[in-house]
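Starting from the known structure of chain P, fit chain G onto it as the hints suggest.
2 protein chains.
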Amino acid sequence: LANNTWRTCSKSDSSGASNSGGESSKESSRSSTPVLDTDRTDRLRDKMRRRTESGDHWFSLEFFPPRTASGAVNLISRFDRMGSGGPLFIDVTWHPAGDPGSDKETSSMMIASTAVNYCGLESILHLTCCNQTKAKITGYLSKAKRLGLKNIMALRGDPMGADWEEEEAGFNYATDLVKHIRCEFDDYFDICVAGYPTGHPEAESYDEDLRHLKEKMDAGADFIITQLFFRADTFLKFVRDCRAIGITCPILPGIFPIQGYQSLRQLVKLSKLEVPDEIMRVIEPIKDNDAAIRNYGIEQAVGMCRVLLESGEVPGLHFYTLNREVATMEVLRQLGLWNEDPRRTLPWAVSAHPKRKVEDVRPIFWASRPKSYIYRTQDWDDFPNGRWGNSSSPAFGELNDYYLFYLKSKSSKDALLKMWGEELTSEQSVYEVFTSYITAQPNVAGHKVMCLPWNDDPLAPETNLLKNELDKVNRRGVLTINSQPSINGKPSSDPIVGWGPPGGYVFQKAYLEFFTSSENVTALLKVLKKYEPRVNYHIVNVHGQNTTNAHDMQPNAVTWGIFPGREIVQPTVVDPVSFLYWKDEAFALWIEQWAKLYEDESPSRMIIKYIHDNYFLVNLVDNDFPLDNCLWQVIDDMFELLDNPQEEQPAEQPNDEQSDKEQPGK
Amino acid sequence: LANNTWRTCSKSDSSGASNSGGESSKESSRSSTPVLDTDRTDRLRDKMRRRTESGDHWFSLEFFPPRTASGAVNLISRFDRMGSGGPLFIDVTWHPAGDPGSDKETSSMMIASTAVNYCGLESILHLTCCNQTKAKITGYLSKAKRLGLKNIMALRGDPMGADWEEEEAGFNYATDLVKHIRCEFDDYFDICVAGYPTGHPEAESYDEDLRHLKEKMDAGADFIITQLFFRADTFLKFVRDCRAIGITCPILPGIFPIQGYQSLRQLVKLSKLEVPDEIMRVIEPIKDNDAAIRNYGIEQAVGMCRVLLESGEVPGLHFYTLNREVATMEVLRQLGLWNEDPRRTLPWAVSAHPKRKVEDVRPIFWASRPKSYIYRTQDWDDFPNGRWGNSSSPAFGELNDYYLFYLKSKSSKDALLKMWGEELTSEQSVYEVFTSYITAQPNVAGHKVMCLPWNDDPLAPETNLLKNELDKVNRRGVLTINSQPSINGKPSSDPIVGWGPPGGYVFQKAYLEFFTSSENVTALLKVLKKYEPRVNYHIVNVHGQNTTNAHDMQPNAVTWGIFPGREIVQPTVVDPVSFLYWKDEAFALWIEQWAKLYEDESPSRMIIKYIHDNYFLVNLVDNDFPLDNCLWQVIDDMFELLDNPQEEQPAEQPNDEQSDKEQPGK
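Chains P and G supply the protein sequences, listed in that same order. To convert, take the position in the first sequence, counting from 1, and add 122; that gives the numbering used here. To convert, take the position in the second sequence, counting from 1, and add 122; that gives the numbering used here.
Pulled out of the complex, with its shape left as it was, chain P reads as follows (with noise of 0.2 Å):
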């Protein structure tokens, strides 16, 4: 209905909970997938409708695009940390001077697309019309549907100059751009118009204004946030003022803490709004202690929000960030929305593409780079089963924008040189360094370890559980990058191994993954033969010389979850295929973020290169979940066959020592 109405670009009230689109339909027949959070296909629109009919309050966040690329880095890690308080979506504003529909990893289109597609964020893209030819928006819609944006936060924009006038056919208010958007993409996205309690700054009248936001409700929008405002009777008032005049979709009002002297001067010009008396008393007097005005910029959000969400017209808040952390997340702390144990809906974050929201099975490899999987698997049509599907996906070595923003360490060259060694003499200098990473103990510089090129984030909770078992590993060359406990039956509300739905349980077999000498790996296979069929293994070096027991080259699921009323659900898996895919990337990431640390021919970078051309990648999966995780014990096995040969092979010469001679740095 919807769609048709659309297509012939009348009007039409599109605050109903439609949910027709043919995307959604097609989504729902691919019946191999349990949906465990409605949530996951459900539109935005949808998502307020259900939230707000079950009296549950929610938030949302603003930010601005970043000037520069590490800016951009730092705001993108900012989304995984506030992603992580339970947002219902995050917005991105759009400042037509700073090419924001470009490919600049700085563009709000990217910005926005970044956070959709690889933090997983529900995400809003604002849009300006204003001076825009028709083409143009179009041409940015387009782009935003093709990078899986789903909604838009339809503005008119500034007038770039004093003299502006409207134009005849051209975009002139909010209106036309709704209007455009439901005529060019039916029923796609989900649009968001801007309402100004205190009336907009150019309109003749408020009550003038108030017409006008019925008009854009009446082009299609589907929702409203209000500009800020520093009184709850102020934005009480309009609510009711637009429910008079008959617009019945949610209404959020725009919440600003207010966070220092300067940026509370430079909003209230822009916004051209007044500033009350009562909170100009108390700011003056401490406008040089930015402390100070940030904890009443706190307090007095927190009053002002309580007052909005007990008059029962406020179904979620939505708050003006600044691109700033703290003021934010200590309000929403205080109000008790911030959600400080976020449940997993499956273990890794799932990405709020459309077409991504249905996956539900990866492969275990990336599971410390979701980033560098996503990407790279994003021109997939679907996503089978956790195997390496579309063999036209771009392989490490062909990936020219690799170095895209959001796949770059976090960490400087001189703070990676100082947690991985400015020089290294030896093999064993590159174990310790792995070593420290594990236990979070200093280096022998005297630097924590906080990341390694496989991991850029400290060891996860649930790897903790591993490692003493690690550490002792780890120092004699067995460099782990990937690893989980088995888990027999925990609780899904587990809140360090819990996902999924309540009453439900997980399972994990025991995982483990190393680089390791050939050595080593001579050893240990001589060792895994008495694990037969209880471990699989894959091992691979970097030419693809590749040695397995997996049956058939089927992958092996490795984390799954039982939960009430539903099949069971399989979100990681071992695949043999995508492991091939994965070695390229693990291995390139010794010489692209190592080994390029340092100087041509020099030592260090021979060093690591030595271990990428010769050491191999190994994976093992304990098969035997419920009985206690034998893996360290064929590590165990294979130290032992090293220090003592002879008891296994009695005609080899027992100094076996003599085969590391010929490696670098020794």
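Hints may contain errors.
In this list, chains with the same sequence are indistinguishable; a pair is considered to hold if it fits within one copy or across any two.
What the hints assert, rightly or not - With a Cα cut of at most 20 Å, we get these calculated SDA-like pairs of lysine to any residue:
1) K612 / L749
2) K612 / P748
3) K612 / D750
4) K169 / D674
5) K652 / E641
No wet-lab data here; the hints were simulated from the structure. Predicted model, so just to flag it, every value in this text is computed and none were measured.
Frame of chain P; chain G shown alone:
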């Protein structure tokens, strides 16, 4: 390769191991099915090759089509029983005079189809070509292909009259039939041909006969089964002679355990064989002692088979069963070839139809009526994870040919009346029938209740684990028709509940399905509120009045297995949609199988009719599989509430027995 060769009808040696059929490659692209058993996807000649290569001996069984419908029912039961011993295949003979290609329940075609589709047995259909037109033969082959038959035993057959002469363009020899099959059906069928260890009775010479056999192989046959013989040497010489002229395919000896004097004489006459003196000398004196002759036959066959197997020339033994069980099973037991503890690939028997080989999920409802499930879903193109897929599948009411022989009760009307009551006096008499079935104790008339309309066999060993609880609830009108206990990770090799490959773990959620009165259901629904979300339920009456707490009508996996190096397998689900189809069948069985045993308008029929019209069909799943099954507690709570209604509902009359007033027979 093979396909191309045969398409042009040139000769070909097809003893190779090509498995390049379009079908199997299509199957292998079905990525969501972890292949638990390579046998499920291989064709017969590949299974043979694999077994031969592994040095593993097998057996196969030959049957002839029955003369009567009840003979067909018996033969199908025999297939199920003898199938459990693990034959590599069975074959069904072809008798041109008996309308072998028709749809009659006794035809060779329908018996072989039933063996494949309903009993899950790899089967070979015999086909004789003598005096048949090519069109007729092609018609038979097309029908066989349509029914899922993949293997043909190509025979000339006996000429109809004594004055048979070669026809110029017709089928004169089995070779012509083999060529025709390869020409018309490429490599679709595996083809078996007959070998004559003492030469074909009509052949000019033994050598001439061997040359004919070589021609059959060159025309595209895959393997040979020999005519029966009485001395191991006869067969071993034959094999040597075959190898000498370049016949390299498997040659299976046809074993005939002597089972009686008359049957031996008849067979010998038909096959124009001579019985060796040393056998006649033993048999003649005991020819009127059937038991003695059978014992000798077993002893003789076992001795001969041992020599054959020890020769190293015999990969498998083919038995002429004469549609009898005892002698063949005894020979196989003594040889150690009978599988006493058959491993289940899945909890239910997998159909051998090529289209269904990949089927890996079924609704639990048809657990006791697998043939009905297969019948009702036979036209599905694929098997969508246990959901009721193709809505054009026949509804139960539309099953005009429902009373196909393989869906009939194995018991006569007389036997059923003895078990289920010559005369019913109240609903209570029905409860007692259920209780007798559950407890395996005789009913009031002294007869054991061996089946119910929903269960044609006595209680499964697994259900026996629940016997005490089932006994208790059936006495009180909770009429159970399906149940399984919860299982939390038993080894896949467990003799009662295990299935799938070794080294795995199997799990179940407790399940209970029963009919019960609307009064009970009212109490049950109150009780179930306490068990949210632990217990999922579906409650429906014959009119489709349906109550459930299933999430979004999603299926609930109730049986699953975790295996080394594989994805999760979940072969049984409770699917809300297919439950409504099952409901039609489950209610109809009250009328079709039980009520109709009694006169129209008789009190007995009225009682069953009352239950059919007024009772509800209930299923319950306890999602908390690691805890003790709570479903019995649910039922206990229901009885408690019924016994003491004032405790829950102080406003109501305590005397609720009034509500039974209007029921018949009380």
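Hints, verified against the model:
1. In the homo-oligomer, the alpha carbons of K612 and L749 lie at most 20 Å apart both inside one protomer (14 Å) and across protomers (12 Å), since each shortest distance falls under that limit.
2. Proximity of K612 and P748 under a CA criterion of 20 Å is satisfied in both settings, with 11 Å inside one chain copy and 10 Å between copies.
3. Proximity of K612 to D750 under the C-alpha cut-off of 20 Å is found in both arrangements, the shortest distances being 15 Å within a copy and 16 Å between copies.
4. For the homomeric pair K169 and D674, the shortest alpha-carbon distance between copies (16 Å) is at most 20 Å, but the shortest distance inside one copy (43 Å) is not.
5. Within a single copy, K652 and E641 get their C-alpha atoms as close as 18 Å, which meets the 20 Å cut-off; across copies the closest is 61 Å, which misses it.
Of the numbered hints stated above, none is contradicted by the structure.
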